[in-house]
Structure formats: C-alpha cells, structure tokens
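Asker: Spelled out, the chains give:
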Amino acid sequence: MMVAPTKTKVEQHGDLAVLRFEGDITSTSEEAVLGKYNGLAAGTSKILLDFSKTPYLNSSGIALVIQLLMAASKASRKVVCFGLSAHFVKVFTMLGLAKYTTLHADEAAARAAVA
Amino acid sequence: MQTISRILTQAVILLYAVAAPLLAQEDVVRIENWRVHTGDDPRWASPDFDDSTWEASSWPRRHGSVSRFFAGTRWYRATASIPASIAGSPLAIAVGPLDEVYEIFVDGARIGTHGSWEPTPTGKFPALLWFPIPETAAKGPLVHIAIRRWTGATRTSFQSLAFSGTLHAPHAPEIGPANVIGLQQELRRASRLNSHIANLIVHIVAFLCGLLSLALYLARQGSRENQWLGLALLCESVPLLAGLAVSQSDLPIRAPVAAVIAGLQYMASAVWPFFLASVYPRFARPLRWIAVVQGLIAIGVALSYGAMWPFPYVFQQAGAWFAVLTAGAIAIALLAERSGGEMAFLAGTLLLQAFAQTWHTQLAGWWGLAEDARYLRLGGFAIDARTVTRLIFAVTALTVLYRRHRREQQRQSGVHRDLAQARLVQESLLAGREAAVPGYTVEAAYLPASEVGGDFYRELAGPDGSLLVLVGDVSGKGMRAALLVGHISGALSNERSRQPAEVLANLNQSLVGRVSGGFVTCCCARFDADGTLTVANAGHLAPYVGGREVEVEAGLPLGVVGGVEYAESSLRLDGPFLLMSDGVVEAENAQRDLFGFDRTRAISTKSAPEIAEAAKAWGQNDDITVVTVRRMG
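Those protein sequences? They're chains D and E, same order as listed. The numbering used here puts the first sequence at residues 5 to 119. The numbering used here puts the second sequence at residues 55 to 687.
Extracted from the complex, chain D is given alone in its bound form (with noise of 0.2 Å):
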C-alpha cells in the first residue's frame, strides 16, 4: 500500500509549540515526528500533538511517538495530544502513555489543559 510522507507544520507561540501531523505516521516519519521536535525553540516547554489529520499510526509510527514523550519528559517538557481517532485513543491508552501525555478531543481542550 502506497503511503504518502507525513507533513509536520510546527506553530510557536512563546513557550506553546504545536506540531500539526498531516498523513500517515509510520517508520518513515522519523523526520515528520523526531525531527520536527528536535527542531523545537529551547525554551518550549509546552506541546501540543495535533492528529486530527493523522488517520492511522502503525506500530512503528507510535514508537517515533513514544520516543518523543520519552524525550519531552526528559526535559520537563508537557505534552499534550489531540485529534486523534477512538480507536488510536483506546491504542494510546493500552500503550500506558497516560503518565508522559493527555489525550483530548480537540484543540481547544488541549490548550486548555496546557494554560
């Protein structure tokens, strides 16, 4: 099956930094996802996870995710997702990710967990 790249446009905003997936997020996303966040100014201390355009994660696209939680906890960073499906809420959920991140239904949620 064809898979077309991920496109990953990062907002800033003071210490607020979105990151809007568009597409897919499997293992070819490494720069989409890692990338993007590597990319972050060092004074973002909060993230917003936008998946609203991000119909369907494989395994190796939720560990590009795993990995960047591990990365944002290790430096204090909160992150916060959003947009994402029911069925990859109930994935996130069984993945134990609830001690790295929130999960909400729409942007307005996360930027209120995160104000």
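Think of the hints as simulated: they come from the structure by calculation, not from any bench. Owing to the predicted nature of the structure, the values given are computational and were not obtained by experimental measurement. Among these hints, one or two may not hold up.
[Claimed, not checked] Cβ-to-Cβ under 7 Å is the rule here; a few derived chain E residues that face chain D:
(1) P340
(2) G572
(3) L610
[To be verified] With a cut-off of at most 35 Å between alpha-carbon atoms, the simulated DSBU-like pairs for lysine-lysine come out as follows:
(4) D:K11 x E:K670
(5) D:K40 x D:K82
(6) D:K11 x D:K57
(7) D:K103 x D:K50
(8) D:K103 x D:K82
(9) D:K103 x E:K670
(10) D:K94 x E:K178
(11) D:K11 x D:K78
(12) D:K50 x D:K78
(13) D:K94 x E:K670
(14) D:K11 x D:K40
(15) D:K94 x D:K57
(16) D:K57 x E:K670
(17) D:K13 x D:K50
(18) D:K13 x D:K78
The beta-carbon is built from N, C-alpha and C at its ideal position, and this holds for glycine as well.
Let chain D serve as the given structure and place chain E on it in line with the hints.
Answerer: Here is chain E on its own, set in the frame of chain D:
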C-alpha cells in the same frame, strides 16, 4: 520486413542489369555552371535574361555569397549543351533531393514544381525527381535552365545539414534522354528506399528494445535504469520512424510537425545522461547538468524547426558538437573507473555513436563527401552508420541491464532462501509449547505479513499445573523485528517465574537498550487449574473473555525504559479467552476502514484460525497472531 527488403534488393539488381545498356552516361549532361542570385523576379526565367552579373555557385559550401542557410527566395540559372546524339529525342531534367519549394524553367517554360508557393511556400520532403521537358520547351542545342527556389529560416525537411540548402547534393542537376534520366532516378530512389528499409528495421528494433526496457521497469518497480533506457530508446526511435514515414509520404511538411519530431529526436540526448546517471550514480551530478544543456538544445531545435527562432542551425550544430564532446568526457570518465568490462563497452559504444552522428552531420560535409558516400554498403543495403552505432549502444545498454538484472535476481533469490530458512527457525521458536496443560486447550494462528514477522506467542507450563500464555508484537517489521523475536524467545525459555507481572518486568529489563528506538508490546496471562485468570499487560491489546474485553491496567511497552513495574488483574475464566496482536484490529480494507475493535469483539469467541482469516480477508497489513484458550469440562 526482411522479405520486402530482399525483394527490393533483387529488384534493384535486376533493374541495374536491364538498365545498364541504357545508362549511357555520355548522353547525360551534368549541369555544373550555375549562377545564383537572391530575390524573386519572373523575368529571370527568360532565356534572354543576362545573368552575367550573378555570382557563380560552387559546391559544396556556398552559392557565391549566398549561404546555403539562406532564408527566402533565390534563383539559379545555367546553360546546358545538348549532345548531337540525343538532339530531337525526348529530354528530361533530374534534380534533388532539394529542399524546400522550387520550380524549374527550361527556355522560359515552367516544366515542374515541388511543394506549393501559395498562399505561403510550403515544402514537401525532398525527393529525387525528374521532369520531362516538353518538345516545345527546348528550342535548340543550348538550353537555358532556371530554378526558382524558396527555403525557410529553418528547414522543415529533416535534411542532413551537410547538404541542406545546396543545389548540388548529392550531385548537380542533370539533363539527358527522358528514358535514361527517368530510369536513373528510379534506380536512385530504389537505392534510397532500400537504405530506408535497412534503417527502418534498426529503428523498429530500437523501438522494441525501448518497450522491453519499459516493461522491465514496470515489472521491477524502482529499476530506474530500465525506465531511462526505455525512454531514451523511444525518444530516439519514435521521431526517426515518424521522419521515415513523412519522407515516404507526399504530405506537405508543416513547421509544428517538424518541431515536434526534431525536438523529440534531440531530446533523446537529454535522456541518455539520466540513464547513465542511474547506472553510475557516482557521475549523477555532472550527467544531470549535461542533460539540462541537452534539454535546452532540444527545445532550441524544436523552436528552430517550428520557425520560432531566427538563427537556424545554431542549436543543431551546438547539439551535435556538445553530444560528441560530452560523450567523449563520459567515456573517459567511465573508463577511468576501471570497474569492469561492462562499463568499457558501454563507454566505447556511446563514443562511437556520438562520433558517427557528428561525422555524418558535420565532418563529412566539411570534407565534401557526397550524401551517398556517407552510407555503409552491405550487399544491396545502404546503411546509416548513425543508426548502426545507435543500435550497438542500445543493445550494449540492454545487455548491461540484463546482466545486472540477473545478478540482482540471484541475490534476491539468495535473500529469499535465507528468509525462508529464517521463517522456519522462527516458527520453531514460536511453537514453544512445552507441555499440554490438563484442563485447557490452546489454539494459535500466526500469519506473518512477510517472510519473517515481529509477532510472537508462547505457552509456558508451570510446575503447579498452571499455564502461562504470552502474545507480543515488536514494533516494525522485517529482519530487525524477527531478530528481536528470537531474543525474546530465548529470554522466555530461560524465564523461571510464572507470575505475569514479573515475567513482563524481567522481559522489559532484557529488552532495554536493544529495541533501537522501537518497543515491544506484550500481554501475559496465567491460567490456574481452578479457572483463575491473572493478566499483566505491557501496552498490548487487552484480552477478551467470553466476548467481552477484559479491563486490565495499561503498562508501558517493553524496552522503552527500565525498572517498570506491571500491575496484575485477576478474574474467573467464564468463557473463551482471546489474545491477539494489533494485526487483527488494524487490518485495513481498500477503503482504508480498519477491522477495528467492534468487529473484533463480535468474533472474539470464534476459533483462532477463524479470527485470523477474517482479519486477513479484511486486508492484512501487519503480522496477525491470535491465541485462544478454552477451559475444558
């Protein structure tokens, strides 16, 4: 095609035999003393016109001060003395092939025309023509011949540059007995047609080679060299075949058609560097630049033939010389690589092809070689050296690709053999059923997405009659995941604990630092003889019991961080138990709908093979592992 060519060859030989006595050359007068003048005046056709102030026309390069690249109308005038031996017999004039539009006058009377003058001059493909002279036209032993000729800013005839625009190519016009002139021109035509057929065969072979190469590309996605070779051969052969078709037709040649045909032909020179770059990536950068320059030249050529560029032949000349120079540079670079005979052959044939092109279109003209002398003679065939060298290069390139393809196939079959053996090893590791545990039946289905998978499952019997079942999934696929599965299998074989949380914690410790940025999910379930079920979960899908999803505390996947403690949940086993990998819920159909949790739950009481096959039928895109456990009695 060979049959046609053989028939034509025999016909030409027969014609020569029959015609030889008739071709008394002393009766044919070659008209050499031409004078030329630019401009257009109908009075110049008159035998009484004084052309002594006109410039003499000399072969091969110039007509006096009139360049053969001249655009516009010019007139040629000459006088021929008719031998007494043929005086009074029907006469004719032989000309051509001349581009583009012309008409011939004898003693002021128009005897023939080629192309059309109105409303704007429109040429036809230059042909060997002969025009009978009406008895009323030639009035004495001296005949006055005038040719009114128009050539455009660019030639639309695909003529060789060497003799385009001249009057004397392949030889000067001739006058003689109509039957001799007519037969002579027909013989020349047959000979040219024969050479076209030989070239036609070569072009068709090149065209078929191009299609074959593209077919190989489609069969082996990613073989860029096949793609570029196919495109280059089609770029070479299609315009040449089209040009041959046009040359054999009587259709007027329009500038846009000429632009497309000529532009495409030159574009082949821009495609070849891409082919070479795909075969030898080391030279990709300079080759791309060469392709860019060749592409610009091809556009320039197309504009020239399309009459949209005021300086004719600049691009054609530039293209010819740039091709031979770059081919030489590429050949030297490839030879300098010293990495095998293949490259030497390819480089040599490339150079040969470029040289043949330049020799035919440039050097031969400079040395004053007539058009006919530029062809190789083989039996009845006149073969264009450019075509032959082109074919040699194409065949060499195809051979190189075929040999590479064979080597790659052998390598792939070796890899497949290794993977098949790896799969057997993995299956033997996965089938780790130590002993049947009384009171429980276990059923497993394992469908890897490729030769080796990243899923695993194990059954471990406890000394107290308990049964431990694990199902896990290594993130990613292929060998890396398979090797991790091997490691996990070894770790589980050495595991002494039968407590699910402890088993996962130990496995986690053994995986930290070994998962290369990935992770391993795993669910471990213990079945006691009294029907108690104890579950610990490391980021894996929760199990189902009796068609219901079991709520277990989620733990982090294995291998991410060390020192993780996992929670256990206990319950009574009151129905069929199901544990699976995410290949079931994330099976995806053509509409990109996931199999999902709801469908999984709906079939969760079925047997393991049935569940696995349902997910596979939906659209497998990951390893599928399903384990069911039923309590007997």
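Asker: For each hint, tell me whether it holds in the structure or not.
Answerer: Evaluated hints:
A cut of 7 Å between beta carbons decides the hint on P340 of chain E: the least distance to chain D is about 29 Å, and the hint is violated. Against a cut-off of 7 Å between C-beta atoms, the interface hint on G572 of chain E holds, since the closest Cβ of chain D lies about 5 Å away. Because the closest C-beta pair between L610 of chain E and chain D is about 5 Å apart, less than 7 Å, the hint holds. For a cut-off of 35 Å, the pair hint linking K11 of chain D to K670 of chain E stands: about 30 Å separates their Cα positions.
Only pairs whose Cα atoms come within 35 Å are accepted, and K40 of chain D paired with K82 of chain D is accepted, the gap being roughly 16 Å. For the hint linking K11 of chain D to K57 of chain D, the alpha-carbon distance of about 10 Å falls within 35 Å, and the restraint holds. At roughly 15 Å between alpha-carbon atoms, K103 of chain D and K50 of chain D fall within 35 Å of each other, so this suggested pair holds. As the CA atoms of K103 of chain D and K82 of chain D are separated by approximately 11 Å, the hinted pair is consistent with the 35 Å bound.
Proximity of K103 of chain D to K670 of chain E is assessed by CA-CA distance (about 34 Å); at most 35 Å being required, the pair is judged to hold. Between K94 of chain D and K178 of chain E, the direct Cα distance comes to roughly 75 Å. Violation of the 35 Å bound is thereby established for this hinted pair. For the suggested pair K11 of chain D and K78 of chain D, the alpha carbons sit about 25 Å apart, so the restraint of at most 35 Å is met. Distance restraint check for K50 of chain D and K78 of chain D: the Cα-Cα separation of roughly 13 Å lies within the 35 Å cut-off, and the hinted pair is therefore satisfied.
A distance of roughly 22 Å separates the Cα atoms of K94 of chain D and K670 of chain E; the hinted pair therefore holds under the 35 Å criterion. At roughly 10 Å between alpha-carbon atoms, K11 of chain D and K40 of chain D fall within 35 Å of each other, so this suggested pair holds. Only pairs whose Cα atoms come within 35 Å are accepted, and K94 of chain D paired with K57 of chain D is accepted, the gap being roughly 17 Å. Under the criterion of a C-alpha separation no larger than 35 Å, the hint pairing K57 of chain D with K670 of chain E is consistent with the structure, at around 26 Å.
Distance restraint check for K13 of chain D and K50 of chain D: the Cα-Cα separation of roughly 16 Å lies within the 35 Å cut-off, and the hinted pair is therefore satisfied. A hinted pair counts as satisfied when its Cα atoms are at most 35 Å apart, and K13 of chain D with K78 of chain D qualifies at roughly 24 Å.
Checked against the numbered hints listed earlier, the structure breaks hints 1, 10; every other hint is satisfied.
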